[in-house]
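Student: Sequence:
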Amino acid sequence: MTERDPIALTIGEPGGIGPELAINAWLRRTQDELAPFCLISPVSTITQAIGRSGTDVPVRVIRTIHEATSVFKDALPVLEITDSGTEVVSGVASPKTASVVIESITKAVELASTGKASAVVTNPIQKSALYEAGFRHPGHTEFLAELAGPGTIPVMMLANSKLRVVPLTIHIPLKDVPTQLTTELIVERCRITHQSLQTAFGIAKPRLAIAGLNPHAGEDGTMGSEEKTIMAPAVKQLRDEGVDVVGPLPADTLFHEEARANYDVALCPYHDQALIPVKTLDFHGGVNVTLGLPFIRTSPDHGTALDIAGKGIARPDSLIAALKMAAEMATKRLATGA
Numbered sequence: 443m444t445e446r447d448p449i450a451l452t453i454g455e456p457g458g459i460g461p462e463l464a465i466n467a468w469l470r471r472t473q474d475e476l477a478p479f480c481l482i483s484p485v486s487t488i489t490q491a492i493g494r495s496g497t498d499v500p501v502r503v504i505r506t507i508h509e510a511t512s513v514f515k516d517a518l519p520v521l522e523i524t525d526s527g528t529e530v531v532s533g534v535a536s537p538k539t540a541s542v543v544i545e546s547i548t549k550a551v552e553l554a555s556t557g558k559a560s561a562v563v564t565n566p567i568q569k570s571a572l573y574e575a576g577f578r579h580p581g582h583t584e585f586l587a588e589l590a591g592p593g594t595i596p597v598m599m600l601a602n603s604k605l606r607v608v609p610l611t612i613h614i615p616l617k618d619v620p621t622q623l624t625t626e627l628i629v630e631r632c633r634i635t636h637q638s639l640q641t642a643f644g645i646a647k648p649r650l651a652i653a654g655l656n657p658h659a660g661e662d663g664t665m666g667s668e669e670k671t672i673m674a675p676a677v678k679q680l681r682d683e684g685v686d687v688v689g690p691l692p693a694d695t696l697f698h699e700e701a702r703a704n705y706d707v708a709l710c711p712y713h714d715q716a717l718i719p720v721k722t723l724d725f726h727g728g729v730n731v732t733l734g735l736p737f738i739r740t741s742p743d744h745g746t747a748l749d750i751a752g753k754g755i756a757r758p759d760s761l762i763a764a765l766k767m768a769a770e771m772a773t774k775r776l777a778t779g780a
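Per our numbering, the very first residue in the sequence shown carries number 443; after that it's consecutive.
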């Protein structure tokens, strides 16, 4: 990988907003100073999306991703993959196009893993359509981890210009969080986060803050024991290892401006505790980053938006933020030699 290598951008769900986001991001390439990216897609999928959008976007089919660097300023580079043979309908997710979604992701990972792409940026997928086609992974991240190889432990981070957060547990019911939250889990997630902030974000001495599970961080055990029995031992172990970490801290005072100045990332016991503040601070500029992979992966912090697909109103802000963050991470990783 070199700083000049293009970013591999996946098509995502063809019937969702991914194709039009790719188009609109390319149209804003100069305005937003985007690094070159290459869209991995059947040509028919993107040309149909251009036709529906009414925009004049030239497309250039390339044979290798390296061609994207010279092509990018004049045309949208497309590394062609196999067409599913099924007509794409805006607003409709179909299991018949699952092969396109999966091949696009697989190709992007292959390019990044072999050093031909500087990073992978993924457009949103529709898991229900993939499940119907036999997709056996819980989600996007788990599939990427499998492609990355054995022993890969992915960690989700949501980030924007004002805040970085890591949910320690993700898509599980709230009632199950206390049983899933263990000292070992917290230590593992913090180690991966700490290392990633060093290598991919250029933060030499990352500062981690851990939010409590219970109101007032348990208030010394009167509102719950998890802070004392599970979280405090994790914090002690991490400090003994040299990690700059504080907590568990009351979540209700962790996200105001003055508090955010004291840490580089907040780790939260459950999904909404992490995602509500980051989406409130900058809803359209949020980026989903997967830490712990051997390559850089970012994604827009939203779904396929089937309800507005093809209507010309989807905002590309989050995809643009994901592309910019991926490029910045690639530069930092090169600088640190990781």
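There may be inaccurate statements among the hints.
Restricting the straight-line Cα-Cα distance to at most 30 Å, the calculated cross-link-like pairs of lysine-lysine (DSS-like) are [what the hints assert, rightly or not]: (1) K569 with K678; (2) K604 with K774; (3) K766 with K647; (4) K617 with K538; (5) K647 with K515; (6) K538 with K569; (7) K774 with K753; (8) K647 with K538; (9) K647 with K549.
So the derived label-pair ranges between C-beta atoms look like this [what the hints assert, rightly or not]: (10) A646 with T722: 46 to 56 Å; (11) Q637 with E699: 38 to 48 Å; (12) P615 with H698: 43 to 53 Å; (13) D686 with T664: 25 to 35 Å; (14) G754 with P615: 33 to 43 Å; (15) V503 with P615: 42 to 52 Å; (16) D525 with H579: 18 to 28 Å; (17) G581 with T556: 45 to 55 Å; (18) G745 with L616: 17 to 27 Å; (19) E699 with V485: 41 to 51 Å.
Calculated from the structure, these hints are not laboratory results.
Just so it is clear, CB atoms sit at the ideal spot from N, CA and C, and this is done for glycine as well.
Student: Please work out if K647 and K515 have their alpha carbons no farther apart than 30 Å.
Tutor: Judged against 30 Å, a Cα distance of about 37 Å means the pair is violated.
Student: Assuming the hint says 18 to 28 Å, is it satisfied by the Cβ distance from D525 to H579 or not?
Tutor: holds, 23 Å
Student: Assess, step by step, whether the Cα of K604 is no farther than 30 Å from the Cα of K774, and give holds or violated.
Tutor: Judged against 30 Å, a Cα distance of about 19 Å means the pair holds.
Student: Quick one: are G581 and T556 within 45 to 55 Å, going by C-beta?
Tutor: For T556 against G581, whose Cβ atoms are near 24 Å apart, the range 45 to 55 Å is violated.
Student: Kindly confirm whether 41 to 51 Å is satisfied by the beta carbon distance between E699 and V485.
Tutor: holds, 47 Å
Student: Holds or violated: the 25 to 35 Å window for the beta-carbon distance between D686 and T664?
Tutor: holds, 29 Å
Student: Determine whether the Cβ-Cβ distance between G754 and P615 falls within the hinted range of 33 to 43 Å.
Tutor: holds, 37 Å
Student: Taking 46 to 56 Å as the hint, is the beta-carbon distance of A646 and T722 inside that range?
Tutor: Distance hint for A646, T722 is violated at roughly 29 Å.
Student: Quickly compare the C-alpha distance for K647 and K549 to 30 Å and report which way the hint goes.
Tutor: This hinted pair is violated, its Cα atoms lying about 34 Å apart.
Student: Is the straight-line distance between the alpha-carbon of K774 and that of K753 30 Å or less?
Tutor: The given pair, whose Cα atoms are some 37 Å apart, is violated under the 30 Å limit.
Student: Has the given pair, K569 with K678, been kept, meaning a C-alpha gap of at most 30 Å?
Tutor: violated, 39 Å
Student: Does the Cβ pair V503, P615 satisfy 42 to 52 Å?
Tutor: holds, 46 Å
Taken one by one, the earlier hints fail for this structure at numbers 1, 4, 5, 7, 8, 9, 10, 11, 12, 17, listed in ascending order.
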